[in-house]
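Respectively, the protein sequence lines represent chains A and B. Okay, so the first sequence: first residue is 1 according to the working numbering, each after it adds one. Okay, so the second sequence: first residue is 1 according to the working numbering, each after it adds one.
Derived from the structure by calculation, the hints contain no laboratory data. Keep in mind it's a predicted model, so treat the numbers as computed, not measured. C-beta atoms are modelled at their ideal positions from N, C-alpha and C, and glycine is treated no differently. One or more hints might be untrue.
As the list claims (entries may be wrong) - Computed list of lysine to any residue pairs in SDA-like fashion (alpha-carbon distance at most 20 angstroms, straight line):
{"id": "1", "chain 1": "A", "residue 1": "Lys-187", "chain 2": "A", "residue 2": "Gly-170"}
{"id": "2", "chain 1": "B", "residue 1": "Lys-73", "chain 2": "A", "residue 2": "Gly-183"}
{"id": "3", "chain 1": "A", "residue 1": "Lys-73", "chain 2": "B", "residue 2": "Gly-222"}
{"id": "4", "chain 1": "A", "residue 1": "Lys-38", "chain 2": "A", "residue 2": "Ser-72"}
{"id": "5", "chain 1": "A", "residue 1": "Lys-73", "chain 2": "B", "residue 2": "Arg-184"}
{"id": "6", "chain 1": "B", "residue 1": "Lys-73", "chain 2": "A", "residue 2": "Leu-181"}
{"id": "7", "chain 1": "A", "residue 1": "Lys-73", "chain 2": "B", "residue 2": "Gly-225"}
{"id": "8", "chain 1": "A", "residue 1": "Lys-73", "chain 2": "B", "residue 2": "Leu-181"}
{"id": "9", "chain 1": "B", "residue 1": "Lys-73", "chain 2": "B", "residue 2": "Leu-34"}
{"id": "10", "chain 1": "B", "residue 1": "Lys-73", "chain 2": "A", "residue 2": "Leu-185"}
{"id": "11", "chain 1": "A", "residue 1": "Lys-73", "chain 2": "B", "residue 2": "Thr-220"}
{"id": "12", "chain 1": "B", "residue 1": "Lys-73", "chain 2": "B", "residue 2": "Ala-62"}
{"id": "13", "chain 1": "A", "residue 1": "Lys-73", "chain 2": "B", "residue 2": "Ser-72"}
{"id": "14", "chain 1": "B", "residue 1": "Lys-73", "chain 2": "A", "residue 2": "Phe-224"}
{"id": "15", "chain 1": "A", "residue 1": "Lys-73", "chain 2": "B", "residue 2": "Leu-185"}
{"id": "16", "chain 1": "B", "residue 1": "Lys-73", "chain 2": "A", "residue 2": "Thr-220"}
{"id": "17", "chain 1": "B", "residue 1": "Lys-73", "chain 2": "A", "residue 2": "Gly-170"}
{"id": "18", "chain 1": "A", "residue 1": "Lys-73", "chain 2": "B", "residue 2": "Gly-229"}
{"id": "19", "chain 1": "B", "residue 1": "Lys-73", "chain 2": "A", "residue 2": "Ala-228"}
{"id": "20", "chain 1": "B", "residue 1": "Lys-187", "chain 2": "B", "residue 2": "Pro-253"}
{"id": "21", "chain 1": "B", "residue 1": "Lys-73", "chain 2": "A", "residue 2": "Leu-223"}
Claimed, not checked - Counterexamples of contact, computed for chain B against chain A with all Cβ distances above 10 angstroms:
{"id": "22", "residue": "Trp-55"}
{"id": "23", "residue": "Pro-191"}
{"id": "24", "residue": "Ala-283"}
{"id": "25", "residue": "Ala-300"}
Spelled out from the first residue to the last, the chains are:
There are 2 protein chains.
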Amino acid sequence: MTANLIALDWGTTSLRGYLMDAAGSILERREGGLGIMKVENGAFEAALDQFCGDWLTAHPQARLIASGMIGSKQGWREAPYCPCPAGAADLATHTIRVPLTGGRHLTIMPGVSCVDAASGVPDVMRGEETQVFGALPATGSHVAVLPGTHSKWVWVEDGAIVAFASFMTGEVYAALTAHTLLGRLMKLDAPHDAAAFARGVAYGLEAPQALLNRMFSARTLGLFGQLAGEALPSYLSGLLIGSEIGGARAMRPTDAHPLLLGSADLTARYASAFGVAGIAVAAGPTDSAATGMARVMQAAPRTAN
Amino acid sequence: MTANLIALDWGTTSLRGYLMDAAGSILERREGGLGIMKVENGAFEAALDQFCGDWLTAHPQARLIASGMIGSKQGWREAPYCPCPAGAADLATHTIRVPLTGGRHLTIMPGVSCVDAASGVPDVMRGEETQVFGALPATGSHVAVLPGTHSKWVWVEDGAIVAFASFMTGEVYAALTAHTLLGRLMKLDAPHDAAAFARGVAYGLEAPQALLNRMFSARTLGLFGQLAGEALPSYLSGLLIGSEIGGARAMRPTDAHPLLLGSADLTARYASAFGVAGIAVAAGPTDSAATGMARVMQAAPRTAN
Numbered sequence: 001m002t003a004n005l006i007a008l009d010w011g012t013t014s015l016r017g018y019l020m021d022a023a024g025s026i027l028e029r030r031e032g033g034l035g036i037m038k039v040e041n042g043a044f045e046a047a048l049d050q051f052c053g054d055w056l057t058a059h060p061q062a063r064l065i066a067s068g069m070i071g072s073k074q075g076w077r078e079a080p081y082c083p084c085p086a087g088a089a090d091l092a093t094h095t096i097r098v099p100l101t102g103g104r105h106l107t108i109m110p111g112v113s114c115v116d117a118a119s120g121v122p123d124v125m126r127g128e129e130t131q132v133f134g135a136l137p138a139t140g141s142h143v144a145v146l147p148g149t150h151s152k153w154v155w156v157e158d159g160a161i162v163a164f165a166s167f168m169t170g171e172v173y174a175a176l177t178a179h180t181l182l183g184r185l186m187k188l189d190a191p192h193d194a195a196a197f198a199r200g201v202a203y204g205l206e207a208p209q210a211l212l213n214r215m216f217s218a219r220t221l222g223l224f225g226q227l228a229g230e231a232l233p234s235y236l237s238g239l240l241i242g243s244e245i246g247g248a249r250a251m252r253p254t255d256a257h258p259l260l261l262g263s264a265d266l267t268a269r270y271a272s273a274f275g276v277a278g279i280a281v282a283a284g285p286t287d288s289a290a291t292g293m294a295r296v297m298q299a300a301p302r303t304a305n
Numbered sequence: 001m002t003a004n005l006i007a008l009d010w011g012t013t014s015l016r017g018y019l020m021d022a023a024g025s026i027l028e029r030r031e032g033g034l035g036i037m038k039v040e041n042g043a044f045e046a047a048l049d050q051f052c053g054d055w056l057t058a059h060p061q062a063r064l065i066a067s068g069m070i071g072s073k074q075g076w077r078e079a080p081y082c083p084c085p086a087g088a089a090d091l092a093t094h095t096i097r098v099p100l101t102g103g104r105h106l107t108i109m110p111g112v113s114c115v116d117a118a119s120g121v122p123d124v125m126r127g128e129e130t131q132v133f134g135a136l137p138a139t140g141s142h143v144a145v146l147p148g149t150h151s152k153w154v155w156v157e158d159g160a161i162v163a164f165a166s167f168m169t170g171e172v173y174a175a176l177t178a179h180t181l182l183g184r185l186m187k188l189d190a191p192h193d194a195a196a197f198a199r200g201v202a203y204g205l206e207a208p209q210a211l212l213n214r215m216f217s218a219r220t221l222g223l224f225g226q227l228a229g230e231a232l233p234s235y236l237s238g239l240l241i242g243s244e245i246g247g248a249r250a251m252r253p254t255d256a257h258p259l260l261l262g263s264a265d266l267t268a269r270y271a272s273a274f275g276v277a278g279i280a281v282a283a284g285p286t287d288s289a290a291t292g293m294a295r296v297m298q299a300a301p302r303t304a305n
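Work out the full structure, taking the sequences as your base and the hints as a guide.
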């Protein structure tokens, strides 16, 4: 098979590469630590050569596309946000092309923005939209959940992202455990405690509007000996994820089963939280970022390789 | 007038002393940095002498009482929590007496605990209950709000604390600004911005259940140039306080006007947030900790001085 696309999922801390054929099948994949924070002095082309110079040489006709923070202000070049509603063709229109030495180009995907109509408050994502396009069918109503430092809930209608919301769940967990009183009683290196996690999920789900109060239970349950230090991190994680699910479900009520996209450990944790909430979920396909880039590239005009 | 009570509001970082007469009037007050964290090797009696040895010498008949973290595990001696409902007589019953050199005693106030009936989750406070007893009348339905690192909402019926809830608002604000992405765009030393604060309060109040999402607006409003770095700290503070008020009001709906107890700057900030919510508040009396200790001392049996 002939490779005709090199797709790069290029984030803050990691870089994943996919060599793909015309049918969108993955011929080869690789992963490295060359996230944009590791690239010094803007030497992105050198980083690209280092990461996949062999692919570039072996497949001179292959087009190149990248998605994620590589298109941010801190990345190679800024690709402005594509506003919602955003379908594959809209994203393709908002891609930018960076010329490379030797006459090739790198297409960089835009992020996506949306604005809450009532408050005028914007939200942004960069990279997650590509996974959503790779994972979701082009018709019907869907919601994708991408857990992480900043979890994203993405609502899709007939192949277009109509709204999304960021939840700072992962980063808040890290800040609370490392920099507040809640961390004091915790054994942070303890293995995941499924029962404590489920208890936290239920408590968070029950009253997400009282999160600033309910999180204090991660101290008092320890003080009163109801949860051991080993169980408290899982409990707090569950409480925050339960609050996220409760808050997000109230935003845009839907009967659609959430599709979970992300690393195996985080999606498993979220799947178990959705289970506590009585909400059935589906697991997304792997390599959805690569599939998403291939779809957008098909929608993009082919001006040059 | 003869001093017959030395009352100490002895917290983690500060120590306030009040010399009082039999009518509960304050004859003298002083304040120092001798919080329990500053007292080394458990040398609390030496700290007491250093802080108010002159009072002890001049008023040998005066009784001594202390409230706050001095009664915690990290303090002089642990005074167990008094469970809710807790009136002045209940608190008096739960005081402990620490013998001092020379035959006097120091009475230490207990903290107060409550347990959420549905979930079994406990909550605790230590020191705030004393201010509440000093500030609230002995009859009627009241709610007191004590803003701080861990804000307390305290519901009182006919002079007894029937329930309370801690909100980690202040500590979460500190952790988010210092240890998450939200701090990046902020000018943390900027003066208070009342308009940005009010906007944050309104946004937090509107959907406290989506706090993990809404807090992300403290980044995106900066990214999109809608709020300057100088305005973002006030905005986030408002958003968290708005979420606290929204969540707390849903816990125990009441028509009572909240009574605000605390430092002038914090109670002013909360009063303006309650104003955005359309909720009238009353300002509590100053020195309510001293008044509260005098009230509990009146309810305590006088076994010795």
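We went through each hint and held it up to the structure:
1. Only pairs whose Cα atoms come within 20 angstroms are accepted, and Lys-187(A) paired with Gly-170(A) is accepted, the gap being roughly 18 angstroms.
2. Under the criterion of a C-alpha separation no larger than 20 angstroms, the hint pairing Lys-73(B) with Gly-183(A) is consistent with the structure, at around 18 angstroms.
3. Proximity of Lys-73(A) to Gly-222(B) is assessed by CA-CA distance (about 14 angstroms); at most 20 angstroms being required, the pair is judged to hold.
4. Distance check on the hinted pair: Lys-38(A) and Ser-72(A) sit about 15 angstroms apart at the alpha-carbon level, within 20 angstroms; holds.
5. Annotation: proposed proximity of Lys-73(A) to Arg-184(B) holds, straight-line Cα distance about 14 angstroms (limit 20 angstroms).
6. Among the hinted pairs, Lys-73(B) with Leu-181(A) is consistent with the structure: their alpha-carbon atoms are about 15 angstroms apart, no more than 20 angstroms.
7. A threshold of 20 angstroms between alpha carbons decides the hint, and for Lys-73(A) with Gly-225(B) the separation of about 15 angstroms falls inside it, so the pair holds.
8. About 15 angstroms separates the Cα atoms of Lys-73(A) and Leu-181(B), which keeps this hinted pair within 20 angstroms; it holds.
9. For the hint linking Lys-73(B) to Leu-34(B), the alpha-carbon distance of about 17 angstroms falls within 20 angstroms, and the restraint holds.
10. Under the criterion of a C-alpha separation no larger than 20 angstroms, the hint pairing Lys-73(B) with Leu-185(A) is consistent with the structure, at around 14 angstroms.
11. Among the hinted pairs, Lys-73(A) with Thr-220(B) is consistent with the structure: their alpha-carbon atoms are about 14 angstroms apart, no more than 20 angstroms.
12. The hinted pair formed by Lys-73(B) and Ala-62(B) fails the criterion: a straight-line CA distance of about 27 angstroms is larger than 20 angstroms.
13. Only pairs whose Cα atoms come within 20 angstroms are accepted, and Lys-73(A) paired with Ser-72(B) is rejected, the gap being roughly 50 angstroms.
14. At most 20 angstroms may separate the alpha-carbon atoms for a hinted pair to count; Lys-73(B) and Phe-224(A) meet this at roughly 13 angstroms.
15. With a C-alpha separation of about 14 angstroms, the suggested pairing of Lys-73(A) with Leu-185(B) holds against the 20 angstroms cut-off.
16. With a C-alpha separation of about 14 angstroms, the suggested pair Lys-73(B) and Thr-220(A) falls inside the 20 angstroms cut-off, and the hint holds.
17. For the given pair, Lys-73(B) sits about 32 angstroms from Gly-170(A) by alpha-carbon distance, which is inconsistent with the 20 angstroms threshold.
18. Between the alpha carbons of Lys-73(A) and Gly-229(B) the distance comes to roughly 18 angstroms, so the proposed pair stays at or under 20 angstroms and holds.
19. Distance hint between Lys-73(B) and Ala-228(A) is fulfilled; the C-alpha atoms sit about 18 angstroms from each other, no more than 20 angstroms.
20. Our distance criterion of 20 angstroms between C-alpha atoms is broken by Lys-187(B) and Pro-253(B), whose separation comes to about 37 angstroms.
21. The hinted pair formed by Lys-73(B) and Leu-223(A) meets the criterion: a straight-line CA distance of about 11 angstroms does not exceed 20 angstroms.
22. No Cβ of chain A comes within 10 angstroms of the Cβ of Trp-55(B); the nearest lies about 33 angstroms off, and the non-interface call holds.
23. Listed as outside the interface, Pro-191(B) is consistent with that label: its C-beta sits roughly 24 angstroms from the nearest C-beta of chain A, beyond the 10 angstroms cut-off.
24. Ala-283(B), annotated as away from the interface, keeps every beta carbon of chain A farther than 10 angstroms; the closest lies near 23 angstroms.
25. Non-interface call for Ala-300(B) relative to chain A: holds, since the shortest CB-CB distance, roughly 26 angstroms, exceeds 10 angstroms.
Violated hints, listed in ascending order, are 12, 13, 17, 20; each of the other numbered hints is respected by the structure.
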